[in-house]
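K.L.:
Make a model of the complete structure from these sequences and hints.
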Amino acid sequence: MRNARFAILGLSIGMAGAQTAVPTINDLLALQKAPATDHVTVAGYRRAKDDGGGVFAYAAGSTADADGGTILAPANLPGRFLRVVAEDATPRAEWFGAYGDGRHADQAAINACLARFKRVKLLPKTYALSSTPTHYDP
Numbered sequence: 000m001r002n003a004r005f006a007i008l009g010l011s012i013g014m015a016g017a018q019t020a021v022p023t024i025n026d027l028l029a030l031q032k033a034p035a036t037d038h039v040t041v042a043g044y045r046r047a048k049d050d051g052g053g054v055f056a057y058a059a060g061s062t063a064d065a066d067g068g069t070i071l072a073p074a075n076l077p078g079r080f081l082r083v084v085a086e087d088a089t090p091r092a093e094w095f096g097a098y099g100d101g102r103h104a105d106q107a108a109i110n111a112c113l114a115r116f117k118r119v120k121l122l123p124k125t126y127a128l129s130s131t132p133t134h135y136d137p
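Numbering (numbering that gives the first Met the number 0), first residue to last: 0 to 137.
Think of the hints as simulated: they come from the structure by calculation, not from any bench. All C-beta atoms, glycine included, are put in the ideal place defined by N, C-alpha and C. Treat the hints loosely; a few may be bogus.
Said to hold, decoys possible - Here are the in silico distance ranges between beta carbons for each label pair:
(1) 125 x 32: 33 to 43 Å
(2) 26 x 128: 21 to 31 Å
(3) 60 x 125: 34 to 44 Å
(4) 125 x 31: 33 to 43 Å
(5) 102 x 60: 31 to 41 Å
(6) 114 x 87: 18 to 28 Å
(7) 58 x 89: 21 to 31 Å
P.N.:
Here it is as structure tokens:
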């Protein structure tokens, strides 16, 4: 990933520099002090390798509205964590907390992804929905 081109919510950046790592989004949100590195790598949304992890940049001065997937509001710090997304990446429902296990409700995560990106990548999993996604546009 070093020196590849990425975007943080539309801002193009280079991925150089050190990174901190945490296991889950909840661990990221519970950090007690600002990361000492440029970026924080999260292994998964709820557990490692659940397809919801990623790289986040800490923006101490940001007051952007948190959306649960690309803009995260830490509990103990000012500012926001912003998901670093490859310019050609396809957004996934797991970024917003979808389980894709057929048991847990995934509709809110899918709707949040659609609201943010107007598209969503559903991986070959079983997603639990109670109705058509609110931002669905065939």
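K.L.:
Taking the hints in turn, state whether each one holds.
P.N.:
To see whether the hints hold, each was checked on the structure:
1. Between residue 125 and residue 32 the CB atoms are about 39 Å apart, so this pair conforms to the stated range of 33 to 43 Å.
2. With their beta carbons about 28 Å apart, residue 26 and residue 128 fall inside the hinted range of 21 to 31 Å.
3. Evaluation of the 34 to 44 Å hint for residue 60 and residue 125 yields a pass: the beta carbon distance comes to about 41 Å.
4. In this structure, residue 125 and residue 31 meet the distance hint of 33 to 43 Å, their C-beta atoms being roughly 37 Å apart.
5. Under the hint 31 to 41 Å, the C-beta atoms of residue 102 and residue 60, about 40 Å apart, fit the expected range.
6. Distance hint check: the CB atoms of residue 114 and residue 87 are about 21 Å apart, consistent with the given range 18 to 28 Å.
7. At about 24 Å, the beta-carbon gap between residue 58 and residue 89 stays in the expected band of 21 to 31 Å.
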